[in-house]
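**Q** Now for the letters of each chain:
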Amino acid sequence: MDLPWLTLVIVAPLVGVPVLAAWRTISDEAARWVGFGATLVAFVVSLGMLLDFETGEAGFQLVSKHPWVESAGLSWFLGVDGFSVWLVMVTTFMFPIAVAASWRIDHQVRRYMAVALFLETVILGAFLSLDLLLFFLFFEALLFPMYYIVGVWGSKRRIYAATKFLLYTMFGSAFLLVGILWLYIESGKQLGAATFDLTALEQLQLPTGAGRWLFLAFFIGFAVKVPVWPLHTWLPDAHTEAPTKGSVVLAAILLKTGPYGMLRFNLDLFPEASRFFADAIMLLAVVGIVYGAIVAMMQSDIKRLIAYSSVSHMGLIVLGIFAFSAESMDGAVMQMVNHGLSTGMLFLVFGMLYERTHTREIADLGGIVQVTPWLAGAYVVAMLSSIGLPGLNNFVGEFLVLLGTFSVDRVLASIAILGVILSAIYMLWSYQRTFQGPAKERWGRLPDLSWREGAIVAPIVVVMLWIGLHPAPILERLRPTSEQVSERVRTVQVGEAVEPLTEASGAEGAEP
Amino acid sequence: MPLDNVVFWVFAPLSVATAIGMIVVRNAVHAALFLVVNFFTIAVMYLLLDAPFLFAVQIVVYAGAIMVLFLFVIMLLGVDRGDAPGERLFGQRATAAILAVAIVAEMATAIRAGIGFATRAPEGFDEANQGGNPAALADVLFRDYFFPFEVTSILLIVAAVAAMVLALRRSKAITQQEIEAHAGDDLEAYAMTPPGGPETMRERAR
Amino acid sequence: MIDPPRVELWAILPVLVLFGGALVALLGAAVTRRGEPAPFALFTLAVLAATAATALWLWNRDPVTALEGMVSVDRLAVVATLALCGIGAFGAYLGYHYFERDASRRNEFYALLLFALGGMALLVAAADLIIVFLAIEVLSLSLYVLTALTFRRGPTEAAMKYFLLGAFASAFLLYGVAISYGAAATTSIQGLARALAGTTGDQALAIAGALLLLVGLGFKVSLVPFHMWTPDVYQGAPSPVTAFMSAATKVAVFVALVRVLHVAFVGLQWDLAPAVATVSAVSMVVGSVLAIAQRDVKRLLAYSSIAQAGYVLSAFVSPDRDGIAAALFYLISYAAAVIGAFGVTMLISGGIDEQTGFERFRGLGRRRPGLATLLTVFLLSLAGIPPTAGFVAKVFVLGAAGSAGYWSLVLIGALASVLGAFYYLRVVALMAMREPEGEDVADPSAVPRLVLAVPAVAVVVLGIVPGVIVPLLREAGVLTW
Amino acid sequence: MIDLIGLAIAIPLLAAGVNMLAGVRLGRYAGWFATAAMVASFAVVLGALLDLLSMPAAERSHVVAAAEWIRAGAATVSIDLRVDPLSITMAMVVTGVGSLIHLYAIGYMEHDPRPGRFFGYMNLFCAFMLALVLANDFLLLYLGWEGVGLCSYLLIGFWSDRPEAARAAKKAFITTRVGDVMLLLGLFVVWTHFGSFDFDTVLGGEGTLPEIATGTATAISLLMLGGAVGKSAQLPLHVWLPDAMAGPTPVSALIHAATMVTAGVYLVVRTHVLFEISEVALTVVAVVGLAGALYAGFASLGQYDMKRALAYSTMSQLGFMFLAAGLGYYAIAMSLLVAHAFYKALLFLTSGNVMHGLHDEIDVRRLGGLRRDMPLTAALFAGGALALSGLPPFSGFFTKDTILELASHDGDVYAYVLGSLGALVSAWYVARLFFTAFIGDRRYEGRAHEASPVMQAPLVVLAIGALFAGLVLAATPEGRLATFLEPVLGPIVEGHAGPSTGVLVAISVVVTLLGIGIAWRLYRPSQVERWVSFPEREPGMAGVLGHAFYLDDLYAWIVSAVGLRGAAALEWFDRTVVDGVVNGVGRLAVWAAGLAPIWQSGKVRRYALSFLAGGVALLVFAVVRV
Amino acid sequence: MRTPIAYFLLLSAILFALGSASVLLRRNALRIFMGVELQLNAVNLSLVAFSRLHLELDGQVLAFFSMVVAAAEVVVGLAIIVAVFRRTGTTDVDRADVLRG
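Chains as they are written, first to last, in our numbering: chain E, 1 to 512; chain P, 1 to 206; chain Z, 1 to 481; chain S, 1 to 626; chain B, 1 to 101.
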């Protein structure tokens, strides 16, 4: 059946909002269930989308396009391909879990759930929209709910963290906006009618200089979100101060909008510039991998540590994207999904521990294993996944990225692979200090995982194992797209100018 | 040397001088009087520019009505003595002087570029002034400019309303009370407090 | 003898209705001192409705220049008039709610409000610089008085500052008129356009005239560096007046600026655009930066309105209809947001003795979720965060600036919006993320909240489906020559 | 049966799952359950072996397709299992010795509160180990490789409340990870060169060599050697092994003696083709092995902790295996591997008995005379010691000394001489352990109780294996095992240099006896005071041996001094510089905003000033044309 | 008439500048306002001069309007100043700085 799946997916979470908004006297428990239910609905709908997704198709599928502001060339243009489909899936998959994980939130529950649902809608929109302005709209719109969640339900320095997150990312997207507008105006000159339609903008013939400037504008916008070193410092604060759900969503999903944007827009619109800047960006990525890992090692706060591990992992993703080999791109997308699962689960499980101990300091913890073996076990699984143990999800992504990169640039790959060692070091070390060692009597009678918590964690573990042992279903839907994109980028020669446009536009191109 | 030149060169410096005088003298009344003189000189200029009607209006409206009103208010409020001693604003005078010179220079260059310093007014202004300046003026005013003329009436109504609202506000008693209430206030204290700080205390007390 | 002028009064029907209503209201106020305010408010709303109706009636008539070329009735004027009516309605209601509880009824408020609106309605239709000048005087004089209307220390001081600087500014404006007249031998806007189109050579005089006009008008819309009065007056004036003038004045004067820059001096586009761009950039940056330090919401909004003016102006570097439409869209969304923001502030500040310091807003989300949500929506729109109208508006104006090739201006605008987010969301954080303190003086009544929900909804709807008005605005963007 | 080889992995895997999730329910039956699983798996492997033997030697290489794992871009990795003499040998060792150790562990862990998890991990380990050895491609091998590393981590840290255990576990995992990464890089090179991870493609089928440049081959094989060195605790990545003894003794026996540590040897042997293409790599292997053998042997002499001593001995034995492989006698390396699996497991488990009987007392200085309390254990240990020391006709002799013999026949004088020295040391340290722990009079309070039959039974089996495995499998260089492995590893070419075999045998026996003699001389009961007080008398010497030439301490110093300091510095940089810039920008904006009152002074005249200034500035656009 | 028009314009510019100068310099609200009046007159002068230059009367009409406006402004302005004086007892604008920052 051909339903407008994508629109449905985007709208699905919103079904809960009117209920929460209208029903002012709703009990907290009910509100939680409404939120959870809505996210589940979204997940089910996305499964439907997945069923209608044609394996082996490279291009956009399930496309739905409706004019929105005709005079402004703005349209409700959605489409999904091998890249975005999995990001959508991981989003809809992680959200119910994240909502369930925040069951313990006890003030302003109604508002909390409403914001959460809105956030999911916006994120899905960002992953699905093929109209640049529509994308940018969603891309910007997800800032405020996140800001709100961190700022209202976060811990001590929440407002500082929230503001920093918001301003930093807005700073990035300021450049992105300029870039988008430039393309829009340029499309007006070249195609007659100005438009934000991605597929149309691909047809633009940009002078080399302009293309590079635009690439940078887009790249900065996404690099902050990723975050690419050295634009990462908002991440630890936001992660640390956010409530568990916030951290989970932030780590598992929000960060992915950055690399996704690079993959979807930078590579598609500016292949030449992508080639031109690839080396520099790969270098940054590798620096990020090693740097993030080393700094993570030194953190005294578990959540900060996990945050910095994210910096390291995201570096790997960027590396994979800009290696331009089909394997590495597959790996990068896999890694987006996997990092979402593993880091998400790390935050999840640690959040459960935090609910019991109310401390994030490594020094305060210790000897948890004996008290709560199951919780520790869950943490171990997440940890092993995150350090890329074969048989668990992360390995597949890491392996493919490194493999693909190695075939392109052996040196960088060999440096990047240090991340594999370093991740083992900081993870195991922190595990040893927090969970192992003699049991402290103050943690003497912590309750072990409750059934609810077990039920939250179990699905992730299952998926992790599934991806780790049988990633084929994902990869085979991924491959055509990544092959197409890498083909498109590889065929372009650096410095080979597409036939130049009018002087004026060239000059303007050099301006942003 | 033709007459109009002589007149110009007599009254132009005078006009500038009176303007300066208006600025520099301490006493407000004197300043007002300087301004009156200045307005006279400008009226003379109108005469030179073949605008006899405006010459008259200038004298009647400005030198007559407006300046009298000024003087009246000055007397009423008894603020004729110069500025009360208070801290000077740093660098205000110097900057003001520089800016004044600058704007003159800029306008000069613009005028030069626009019409040139040497350009003389073309003859044949009398055609425009058929039937005498006032009549011709009335002609233009009530044909081309009848609508702005109506608008000015609205403007004057608004002005009247404004004066009414501002002047005879609430019953006199309250006003008196307020004046007393504020007579002893240290104004600096206000400066520190946000609007309606101690103010509002008093209002509530009332 | 004089051949009688053509008097097409229908052309200025809205203006006539407004002035007429104003006079009636004035008489009413004079007759019934301290009378019930409610009838006045209702009457005002009725007048505004009538005005809107006449304006709509004008929409479908072909654009003409009437009254000996003094007013031009086109869709730009109609759209602006409609916007003004809406703003006026909210201003009237807020004023009603504000003065209701005041011992000494101030029913002159409605008369003055209508006079101001009349002046504005005239301004947006002005086809001659002298009308521009007179109309601005009408609205200014009314606003001076409105500012002082409660005669407390703050308002009177504000009124004096506003008046002195206003007079100073109108001197510049008049000088601009004079110089333009000198350069083109006419003050008719279209006449200027024709005259300047023909002439070649050094246009210094004409440019000087245009710039002086820009100075005079820039003062009214508080562009840097002619903005200095804004914080003081906005903070000092009674909240409903602030709300009204911050929204209405900008709409009216910017529309006049459209006619001045895009019709009269369109021939000098290439000479004027850089100046416009500079002022716009400076306004965006200075307004945003100075707002950061504010601890009083009214004052903060005042600074923000300075930055907003900068954004509107940034659309003026491109003379085509899209640029104008963008500016109009921005003005409308801004008007809705700012009138709402000041309205909520008024409700929170506790009546005549306005207390708008940050401490009043701490933890408001807990105490008054309704008010807090409203204010949040308005602030988000002002900050330009989707899905609110402010976001779309920013994209439009910056796009317009880009289409004229002023990419540096676009970048500055985009970055300044980051600063904007900083201080707007600071208030949001104050309300949502902190614990309440001090006693709660916020207005308990529900009606004003419902009324203010209207602009909130408008802001969101325009943010999600801007398409509903954009075509109309592009219609309005077509200027008569 | 051979096609069901997958079961050999599946069964323990399943059992592991059950044990880990429902271990609590199983309670003390967990052990039996796990052991049963291992025995079943052993049966499967045995069946496969029989099938294999029933085939003609030529096509004794059977690939069982299981599933496709990763396919991305051009990369396709399928999970195929390979059954050939080499893999089946390893599998036999893993399952056989594994089953026995499981059985033993039932008794050993009887007092542990969470047997479920323990046996779960053990089963999981066996599953991974089998995956490692049965893999038909490098990626599955890598999966097993990392998997066994994980299990070793979990099992070393099983008593995680003991800080030293936790630390040792972490150390083991990270150190081996260094090796793993090299292996991974090796795999990447393999991929970039062959475009496949399949053994058949990479290593060439029967007789056919893969076409590959020497340089590449060297790169690959050295990187793989790096991996092997990490897993097999050879120089320089050996530091984790001694600490790993903090784990339960069955773990030490199974993972750190019999199976996992031999994975390195297996890897080298499996990929010997590549090593041979570049002789360099082969030589490096030999050197590493020899160095390890000597180094570890001497280090073992310095240990008073019985298990640490055994750990070093394991390392030295592995050294011999690498030496063998390096010299090209892969079959011999394998047979030593098998024999070593038996006797080293035996030795560990007997020492486990001691710990069990003396509540974890393991320091030989506080043991002695144990043969009175636990005669059987003593006897078994003696058996293991004899096997290790290499006296004929026990397995050590037929394996270790064969290596030396062949070396000398090939004229590798250095290898022979140094190897013999290593043999001497081996005899010395194992005898030392026996004398100090079991002979003489008690140096401990109370009485040690002999271990339970469930623990003794497997030991007996192991002892038999330890003593006679050599005789059965490798009585001659071309012994059964070698011939069995020939299709995979090729024949053993024997040189004819140097003295004749008889002479060499004599020499080796003498050497061994000499070693034992020295041990007796130094550690016989009457000498107790002397050797116990040895550290006081010879602190330098004792320190060097006891700290294994301070290599570990050197690493520790580097890590703490360089690593942690540098990391701390980087963290500081991140906090103050990178983040400092960000916050700095924010502060700048706020500061600038703070200037507002200076400008917005509230003075009308100031406002007018700024207004006029603005006007003047703007008019510049009129007079100065841009 | 021989005097170049530009002279009148220059005079008007000078007077305009002096007017604004007095706005900037005096602290008495009334005298500031006088400065504004001077500015308006200066502008009128320009208007009249231009009207002479262009040989048409529109300029004079504009000047006439500006006088009316000036009158209106004076009324309102003086009323406001008086109101302020009633409130604070001074017309010194520098004292009126409650609102600032």
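If you're looking for bench data, these hints aren't it; they were derived computationally from the structure.
All C-beta atoms, glycine included, are put in the ideal place defined by N, C-alpha and C.
Wrong hints could be hidden among the right ones.
[Said to hold, decoys possible] Calculated cross-link-like contacts (lysine to any residue; reagent style SDA-like; alpha-carbon spacing at most 20 Å):
{"#": "1", "chain 1": "S", "residue 1": "Lys603", "chain 2": "B", "residue 2": "His54"}
{"#": "2", "chain 1": "E", "residue 1": "Lys189", "chain 2": "Z", "residue 2": "Pro436"}
{"#": "3", "chain 1": "S", "residue 1": "Lys603", "chain 2": "B", "residue 2": "Arg100"}
{"#": "4", "chain 1": "S", "residue 1": "Lys603", "chain 2": "P", "residue 2": "Val10"}
{"#": "5", "chain 1": "E", "residue 1": "Lys156", "chain 2": "Z", "residue 2": "Pro319"}
{"#": "6", "chain 1": "E", "residue 1": "Lys189", "chain 2": "Z", "residue 2": "Gly363"}
{"#": "7", "chain 1": "E", "residue 1": "Lys156", "chain 2": "E", "residue 2": "Pro67"}
{"#": "8", "chain 1": "E", "residue 1": "Lys440", "chain 2": "E", "residue 2": "Trp374"}
{"#": "9", "chain 1": "E", "residue 1": "Lys440", "chain 2": "S", "residue 2": "Pro113"}
{"#": "10", "chain 1": "E", "residue 1": "Lys156", "chain 2": "E", "residue 2": "Val371"}
{"#": "11", "chain 1": "E", "residue 1": "Lys440", "chain 2": "E", "residue 2": "Gln484"}
[Said to hold, decoys possible] So the derived list for chain Z, only partly shown, Cβ under 8 Å to chain E, looks like this:
{"#": "12", "residue": "Pro274"}
{"#": "13", "residue": "Pro386"}
{"#": "14", "residue": "Ala414"}
{"#": "15", "residue": "Ala429"}
[Unchecked claim] Quick list of the computed label-pair ranges, beta carbon to beta carbon:
{"#": "16", "chain 1": "S", "residue 1": "Leu588", "chain 2": "E", "residue 2": "Gln203", "range": "52 to 60 Å"}
{"#": "17", "chain 1": "E", "residue 1": "Arg410", "chain 2": "S", "residue 2": "Val505", "range": "27 to 35 Å"}
{"#": "18", "chain 1": "E", "residue 1": "Asp448", "chain 2": "S", "residue 2": "Gly566", "range": "49 to 57 Å"}
**Q** Now tell me, hint by hint, if it's right for this structure.
**A** Each hint, compared with the structure:
1. S:Lys603 <-> B:His54: Roughly 42 Å separates the two Cα atoms, so the pair is violated.
2. E:Lys189 <-> Z:Pro436: This hinted pair is violated, its Cα atoms lying about 54 Å apart.
3. S:Lys603 <-> B:Arg100: Status holds; Cα separation ~8 Å.
4. S:Lys603 <-> P:Val10: Status violated; Cα separation ~38 Å.
5. E:Lys156 <-> Z:Pro319: With a Cα-Cα distance of about 51 Å, the restraint between Lys156 (chain E) and Pro319 (chain Z) is violated, given a limit of 20 Å.
6. E:Lys189 <-> Z:Gly363: violated, 50 Å
7. E:Lys156 <-> E:Pro67: violated, 45 Å
8. E:Lys440 <-> E:Trp374: OK: Lys440 (chain E) and Trp374 (chain E) at ~18 Å, within 20 Å.
9. E:Lys440 <-> S:Pro113: holds, 19 Å
10. E:Lys156 <-> E:Val371: Roughly 28 Å separates the two Cα atoms, so the pair is violated.
11. E:Lys440 <-> E:Gln484: violated, 56 Å
12. Pro274: violated, 14 Å
13. Pro386: holds, 4 Å
14. Ala414: holds, 4 Å
15. Ala429: With a closest approach of 5 Å, the Ala429 (chain Z) hint holds.
16. S:Leu588 <-> E:Gln203: 52 to 60 Å: violated, 43 Å
17. E:Arg410 <-> S:Val505: 27 to 35 Å: violated, 50 Å
18. E:Asp448 <-> S:Gly566: 49 to 57 Å: Roughly 39 Å apart at Cβ, these two residues miss the hinted range, so it is violated.
Of the hints listed earlier, those the structure fails to meet are numbers 1, 2, 4, 5, 6, 7, 10, 11, 12, 16, 17 and 18, in rising order.
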